[in-house]
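S.K.: Input sequences plus hints: build the corresponding full structure.
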Amino acid sequence: MTPLSLVLIEDHQALREGLELLLSREGLEVVGTAGSAGEGRDLVERHSPDVALVDIRLGDESGIDLTRELLDADPERRVVLYTGSSDVELLISGLDSGARGYALKEGTPNELTAALNTVAEGGTYVDPRLRPQLLSRQATQRMPSLSKREREIMDLLAQGLTGEQVAEKLVLSSETVKTHIRNAMSKLEASTRVHAIAIALREGYIQPPASDGQTA
Amino acid sequence: MSADERRRRLRHDLHTPLTIVSGFAEVLAGDRAISDEDRREYATRIHAAAIEIRRLVDALLDDQQGA
Chain R
4 MTPLSLVLIE
14 DHQALREGLE
24 LLLSREGLEV
34 VGTAGSAGEG
44 RDLVERHSPD
54 VALVDIRLGD
64 ESGIDLTREL
74 LDADPERRVV
84 LYTGSSDVEL
94 LISGLDSGAR
104 GYALKEGTPN
114 ELTAALNTVA
124 EGGTYVDPRL
134 RPQLLSRQAT
144 QRMPSLSKRE
154 REIMDLLAQG
164 LTGEQVAEKL
174 VLSSETVKTH
184 IRNAMSKLEA
194 STRVHAIAIA
204 LREGYIQPPA
214 SDGQTA
Chain C
26 MSADERRRRL
36 RHDLHTPLTI
46 VSGFAEVLAG
56 DRAISDEDRR
66 EYATRIHAAA
76 IEIRRLVDAL
86 LDDQQGA
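Taken in sequence, the protein lines are chains R and C.
First residue of the first sequence: 4, per the numbering used here; consecutive thereafter.
First residue of the second sequence: 26, per the numbering used here; consecutive thereafter.
Heads up, some of the hints might be wrong.
A few chain R residues that don't get close to chain C, going by computed Cβ distances all over 12 Å [stated by the list, open to error]:
#: 1; residue: 46
#: 2; residue: 50
#: 3; residue: 111
Residues on chain C that point at chain R, a partial pick, calculated with CB under 10 Å [what the hints assert, rightly or not]:
#: 4; residue: 31
#: 5; residue: 47
#: 6; residue: 61
By construction, these hints were calculated from the structure, which means they are not laboratory data.
Virtual Cβ for every residue (Gly too), placed ideally from N, Cα, C.
M.R.: Okay, structure coming up:
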């Protein structure tokens with residue numbers, strides 16, 4: 004069986020090296036490690052790993068922002084956020100960024116390996132220690148916010164562009180645009196594109212198109 | 026920096042070396058065979074992480090005394 008390929012983005016050098024050792028020992032193929040968001044982005048673009056493990060704090064940079072950037076460029080990428088914090092607001096922001104996994108540093112190497120495998124296979128993972136907080140938060144949760152790219156695409160659809168035209172305008176593949184639309188529809192709990200546009204307008208994620216028909 | 030942000034950073038800074046300690050300790054305590062070379066390497070990493078934790082805790086205590 005081909006080992007799962009991983010890019011590891013963690014600013015703390017000793018932890019980065021330690022995780023590389025531990026995860027390699029668990030049978031994962033660590034194809035690259037980085038200590039900053041920029042290096043990490045380059046590695047993910049170069050290697051297209053099965054999954055990227057991203058520390059939520061990369062010095063003064065944000066692993067959540069990096070995740071958003073990675074997924075804006077390719078929504079099929081699979082990211083597990085890695086953090087020492089169980090702060091629920093950070094958790095919500097992390098999941099809103101599109102990360103499919105959220106693992107705590109207090110978890111064991113076995114748990115982390117299981118999280119990476121689950122996400123690489125297309126599933127989602129939230130550290131079990133966070134589930135009570137997440138469930139209590141969900142009871143009063145606002146609608147998950149759309150990413151910048153999702154808002155941009157919904158805005159263009161609201162202006163009357165087709166998916167193909169949106170792809171051309173944003174220099175993205177049609178598949179990528181379709182995935183963004185699908186994700187936006189899911190977040191907005193909409194059954195059709197038009198329904199999603201209506202909800203996005205109502206919730207203020209996008210502005211109504213100009214009445215004179217001019218577009219930017 | 027707000028008090029909340031300071032707490033978050035401290036938590037992150039402390040959890041990072043603690044992850045190294047618990048991760049390698051778990052491997053050392055596990056059932057799988059480990060070569061002497063690996064055992065030394067893991068113990069060295071635990072030791073380095075413990076020194077970092079002590080430094081962080083000392084800095085925290087100094088801060089509290091100064092506050």
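S.K.: Run every hint past the structure and note whether it holds.
M.R.: To see whether the hints hold, each was checked on the structure:
At roughly 20 Å from the closest C-beta of chain C, the C-beta of residue 46 of chain R stays outside 12 Å, upholding its exclusion from the interface. With a least CB separation of 24 Å from chain C, residue 50 of chain R remains clear of the 12 Å interface cut-off, as annotated. The beta carbon of residue 111 of chain R is not kept farther than 12 Å from every beta carbon of chain C, the shortest such distance being approximately 6 Å. Violation of the interface hint for residue 31 of chain C is found here, the shortest Cβ-Cβ separation to chain R being roughly 13 Å, above the 10 Å cut-off.
Hint status for residue 47 of chain C relative to chain R: holds, with the closest Cβ pair at about 7 Å, below 10 Å. The interface hint given for residue 61 of chain C is broken, as the beta carbon of that residue sits about 16 Å from the closest beta carbon of chain R, more than 10 Å.
Comparing the model with each earlier hint shows violations of hints 3, 4, 6; every other hint is respected.
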